[in-house]
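Asks: Protein sequences, first through last, are from chains A and B. Just so we're aligned, residue 95 is where the first sequence starts under the numbering used here, counting upward by one. Just so we're aligned, residue 95 is where the second sequence starts under the numbering used here, counting upward by one.
Incorrect hints may have been included.
[Said to hold, decoys possible] Stretch-level coverage of chain B by chain A, calculated; a stretch enters the list once three of its residues show a Cβ under 8 Å from a Cβ in chain A:
id, segment
1, 104–112
2, 146–156
3, 179–190
[As the list claims (entries may be wrong)] With a straight-line Cα cutoff of 27 Å, these simulated BS3-like cross-link-like pairs (lysine-lysine) come out:
id, chain 1, residue 1, chain 2, residue 2
4, B, 101, A, 199
5, A, 199, A, 101
6, A, 101, B, 199
7, A, 164, B, 101
8, B, 101, B, 164
9, B, 185, A, 199
10, B, 164, A, 101
11, A, 199, B, 164
12, B, 199, A, 164
13, A, 185, A, 164
14, B, 199, B, 101
15, A, 101, A, 164
16, A, 185, B, 199
17, B, 185, B, 164
18, A, 185, B, 101
[As the list claims (entries may be wrong)] The following label-pair restraints were derived from C-beta to C-beta distances:
id, chain 1, residue 1, chain 2, residue 2, range
19, B, 126, A, 193, 23 to 29 Å
20, B, 186, A, 122, 47 to 53 Å
21, B, 144, A, 193, 20 to 26 Å
22, B, 158, A, 186, 36 to 42 Å
23, A, 198, B, 170, 15 to 21 Å
24, B, 158, A, 95, 30 to 36 Å
25, A, 147, B, 178, 28 to 34 Å
26, B, 173, A, 168, 38 to 44 Å
27, A, 119, B, 179, 39 to 45 Å
28, A, 115, B, 144, 19 to 25 Å
29, A, 178, B, 144, 26 to 32 Å
30, B, 147, A, 192, 19 to 25 Å
Note that these hints are calculated values from the structure, not bench results. For each residue, glycine too, the CB sits at the ideal point set by N, CA and C.
2 protein chains.
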Amino acid sequence: MIASTPKPPYYAVIFTNELTSDTDGYELTAEQMVSMAELQPGYLGHESVRNGLGITISYWESLEAIRHWKSITEHQLAQELGRSRWYQRYKTRICLVERDYGFEKEP
Amino acid sequence: MIASTPKPPYYAVIFTNELTSDTDGYELTAEQMVSMAELQPGYLGHESVRNGLGITISYWESLEAIRHWKSITEHQLAQELGRSRWYQRYKTRICLVERDYGFEKEP
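Okay, chain A solo, but in the shape it has when bound:
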């Protein structure tokens, strides 16, 4: 569930969103977009949680990889459907991950 990402630097796209009440087709499209993102050059992983508010973070090797994924036709169509039907509001933040560290409890 926590993405295994390489040593920084790499990029993160933080997508924070609130849905409308019209969520027909949303889950299926979201799953398709994750499956498609995983196939793109430069994709490193993602983390996603929803509980009312939704936060999806995808990790990428470069800005070029992010731009390429954003331009894919199916992804553009999904973004248009998102704005016309599913999303009440969202914010997208493009970030350079400069440093990271983790913890795992001993078994």
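Starting from the known structure of chain A, fit chain B onto it as the hints suggest.
Replies: Just chain B now, with coordinates in the frame of chain A:
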């Protein structure tokens, strides 16, 4: 729920985590840490969702502001309790937000 942040650049701390089954005291401490973070110099906002996996993102003016918050005594004690009891694993990523954009549906 979506943080209102200023024009980039600014910093984001992405904290992705999974809890153990020993969550006594966790919620209260987490709320106290949010209240305390909001009072720190350079704090810009935060977004937090849990649904099994937890993602909390806090936004800051500078690396210096992040370092200062990390060093606060009460925060250090909470981090120690987190590692000894509450967190099965976590990953913290320090990021420079280079660009952002948003959408809000017309009423």
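Asks: Does each hint fit the structure? Answer for all of them.
Replies: Cross-check of the supplied hints:
| no. | hint | verdict |
| --- | --- | --- |
| 1 | 104–112 | holds (count 5) |
| 2 | 146–156 | holds (count 5) |
| 3 | 179–190 | holds (count 10) |
| 4 | B:101 <-> A:199 | 38 Å, violated |
| 5 | A:199 <-> A:101 | 21 Å, holds |
| 6 | A:101 <-> B:199 | 38 Å, violated |
| 7 | A:164 <-> B:101 | 22 Å, holds |
| 8 | B:101 <-> B:164 | 24 Å, holds |
| 9 | B:185 <-> A:199 | 12 Å, holds |
| 10 | B:164 <-> A:101 | 22 Å, holds |
| 11 | A:199 <-> B:164 | 21 Å, holds |
| 12 | B:199 <-> A:164 | 21 Å, holds |
| 13 | A:185 <-> A:164 | 15 Å, holds |
| 14 | B:199 <-> B:101 | 21 Å, holds |
| 15 | A:101 <-> A:164 | 24 Å, holds |
| 16 | A:185 <-> B:199 | 12 Å, holds |
| 17 | B:185 <-> B:164 | 15 Å, holds |
| 18 | A:185 <-> B:101 | 12 Å, holds |
| 19 | B:126 <-> A:193: 23 to 29 Å | 26 Å, holds |
| 20 | B:186 <-> A:122: 47 to 53 Å | 33 Å, violated |
| 21 | B:144 <-> A:193: 20 to 26 Å | 24 Å, holds |
| 22 | B:158 <-> A:186: 36 to 42 Å | 26 Å, violated |
| 23 | A:198 <-> B:170: 15 to 21 Å | 20 Å, holds |
| 24 | B:158 <-> A:95: 30 to 36 Å | 32 Å, holds |
| 25 | A:147 <-> B:178: 28 to 34 Å | 29 Å, holds |
| 26 | B:173 <-> A:168: 38 to 44 Å | 42 Å, holds |
| 27 | A:119 <-> B:179: 39 to 45 Å | 42 Å, holds |
| 28 | A:115 <-> B:144: 19 to 25 Å | 23 Å, holds |
| 29 | A:178 <-> B:144: 26 to 32 Å | 30 Å, holds |
| 30 | B:147 <-> A:192: 19 to 25 Å | 23 Å, holds |
In summary, the structure is inconsistent with hints 4, 6, 20, 22 from the numbered list given earlier, while agreeing with the others.
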